[in-house]
Amino acid sequence: MTDTETALLEQDHLARARNGDQAAFAWLYRQNVNRIYALCLRMTADQSVAEECTQRAFVQAFRRLADFRGDSRWSTWLHRVAVNEVMGSHRDTGRRRLREVPLVDPDLELSPNAENPGATLDLERAIARLPDRARQVFVLIAIHGHSHEEAGELLGVAAGTCKAQYHRARGLLAQWLGVNEGAEHD
Amino acid sequence: MTDHDPGEGRPSLDEAIAGLPRELAPERDLWPAIAADLQAGRRRAWLQPFAAAAAIGCVAVLGWHLLDGPSQDEPIELVEQPWQERPVQALPYDFIAVEAEYGAAREQLVADLDARLEQLSPESRAAIERSLETIAGALVDLRAALADEPLDPVLRRLLLNLHGQELAVLAQVERSTRVVQDRRMEL
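Protein sequence lines, in the order shown, are assigned to chains L and V. Per our numbering, the first sequence starts with residue 1, numbered consecutively. Per our numbering, the second sequence starts with residue 1001, numbered consecutively.
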């Protein structure tokens, strides 16, 4: 299915969902849940909180369907709703189970894995161990391609703060994983 | 600068990031909880008028009692928990029997309601009548909703609450006017 076809299908289901068709919204859920859950999981580094945020994001999205004006893809709008839920969860519940780790975490069990160049698993674990703000910034910028300004807007912080946290996150990850930090995105 | 670059010969961080999957499936299906929340939200939205009716009844009677009641010190028995705060669960008793019990209690209380209302000030009487009308209207709508969803525990609970509110209003009228009558007799 082409992007255009997917977009048309999305619009059709959106129109039906706006009229209260829950089955249509279920379709939208199925299309987007894995991407939204990945965002929430990486931003929160906590499975149960991520599940909760994902659920709340879809509930909010359904209730606020009338607010979606169609200026962007619905999936993009949903992404913002999910980030808001993550940040709301962070603020409201004070869930700070993930402590701020020092620059060198003595408990970190990660090590460079030369035989696994992708080091995907290690990278996931390392991202989860980043300090909260650094992790949130890193996920939005490095994984989801937001600019520092966009990430700042989503997180409610200055772009300069995002830039500093992003560099901090990259430095920590490179150090923990033993990889080249590579080119940084400014 | 170190003598040995720990990342030498290894991929850059960006390459590792590029290898991350953009999608991850949750371990459990989240849709049932979402669907339940959406349903509950819809129900909450259209139950608001009923809940408001119950609150109006309660507030009106309390207000009337304080302004016009027989005694400022008399304990107010009309303490009904808002229905939203009660846990939603299946009712543990026979619903028809409860309705019948309500009907009997109501019949007794409304038997001489008009005469009792005459003993109240016009303001109090109007407040009581408004409250009873509001509750009666809510009961009509709620019974219609129950006709569609007779087993809905929230609707049932709300119906019982409205019954309770109405009986409380009627009982308050009965009790207060009786005290007024007693005082008049004492005089």
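Bear in mind the hints are in silico, worked out from the structure with no lab data behind them. Treat the hints loosely; a few may be bogus.
To give an idea of the interface, some chain V residues facing chain L are shown, with a C-beta separation under 8 angstroms as derived from the structure [as the list claims (entries may be wrong)]:
id	residue
1	1012
2	1013
3	1017
4	1020
5	1024
6	1026
7	1031
8	1034
9	1110
10	1111
11	1122
12	1126
With beta-carbon atoms standing in for the labels, derived distance ranges [stated by the list, open to error]:
id	chain 1	residue 1	chain 2	residue 2	range
13	L	125	V	1099	58 to 64 angstroms
14	L	66	V	1171	32 to 38 angstroms
15	L	5	V	1130	38 to 44 angstroms
16	L	30	V	1099	40 to 46 angstroms
17	V	1175	L	15	55 to 61 angstroms
18	L	156	V	1031	28 to 34 angstroms
Model, not experiment: these values are computed from the prediction. Note that CB positions come from ideal geometry on N, CA and C, so glycine has one too.
Now the hints, each set against the structure:
The interface hint given for residue 1012 (chain V) holds, since its Cβ lies 3 angstroms from the closest Cβ of chain L, which is under the 8 angstroms cut-off. Hint status for residue 1013 (chain V): holds, given a least beta-carbon distance of 5 angstroms to chain L, under 8 angstroms. Nearest Cβ of chain L to the Cβ of residue 1017 (chain V): about 5 angstroms, under the 8 angstroms cut. The hint holds. About 6 angstroms separates the beta-carbon of residue 1020 (chain V) from the nearest beta-carbon of chain L, less than 8 angstroms, and the hint is met.
Interface restraint check: residue 1024 (chain V) against chain L, minimum CB-CB distance 4 angstroms, threshold 8 angstroms, status holds. Hint status for residue 1026 (chain V): holds, given a least beta-carbon distance of 5 angstroms to chain L, under 8 angstroms. For residue 1031 (chain V), the suggested interface contact is upheld, since its CB lies about 6 angstroms from the closest CB of chain L, less than 8 angstroms. The beta carbon of residue 1034 (chain V) is positioned within 8 angstroms of a beta carbon in chain L (closest approach about 5 angstroms), and the interface hint is therefore held.
Evaluation of the residue 1110 (chain V) hint against chain L yields a violated restraint, the C-beta minimum of about 40 angstroms exceeding 8 angstroms. With 8 angstroms as the threshold, the beta carbon of residue 1111 (chain V) stays out of range of chain L, its nearest partner Cβ sitting at about 45 angstroms, so the hint is violated. Hint status for residue 1122 (chain V): violated, given a least beta-carbon distance of 44 angstroms to chain L, over 8 angstroms. The beta carbon of residue 1126 (chain V) is not positioned within 8 angstroms of any beta carbon in chain L (closest approach about 39 angstroms), and the interface hint is therefore violated.
Remark: the range hint 58 to 64 angstroms for residue 125 (chain L) to residue 1099 (chain V) is upheld by a beta-carbon distance near 60 angstroms. A beta carbon spacing of about 44 angstroms between residue 66 (chain L) and residue 1171 (chain V) contradicts the range 32 to 38 angstroms that was offered as a hint. For residue 5 (chain L) and residue 1130 (chain V), the Cβ-Cβ distance of about 58 angstroms falls outside the hinted range of 38 to 44 angstroms, so the restraint is violated. Distance hint check: the CB atoms of residue 30 (chain L) and residue 1099 (chain V) are about 43 angstroms apart, consistent with the given range 40 to 46 angstroms.
Taken as a hint, the range 55 to 61 angstroms holds for the pair residue 1175 (chain V) and residue 15 (chain L), whose Cβ atoms sit roughly 57 angstroms apart. The hinted window of 28 to 34 angstroms between residue 156 (chain L) and residue 1031 (chain V) holds, with their beta carbons roughly 30 angstroms apart.
The earlier numbered hints that this structure contradicts are 9, 10, 11, 12, 14, 15.
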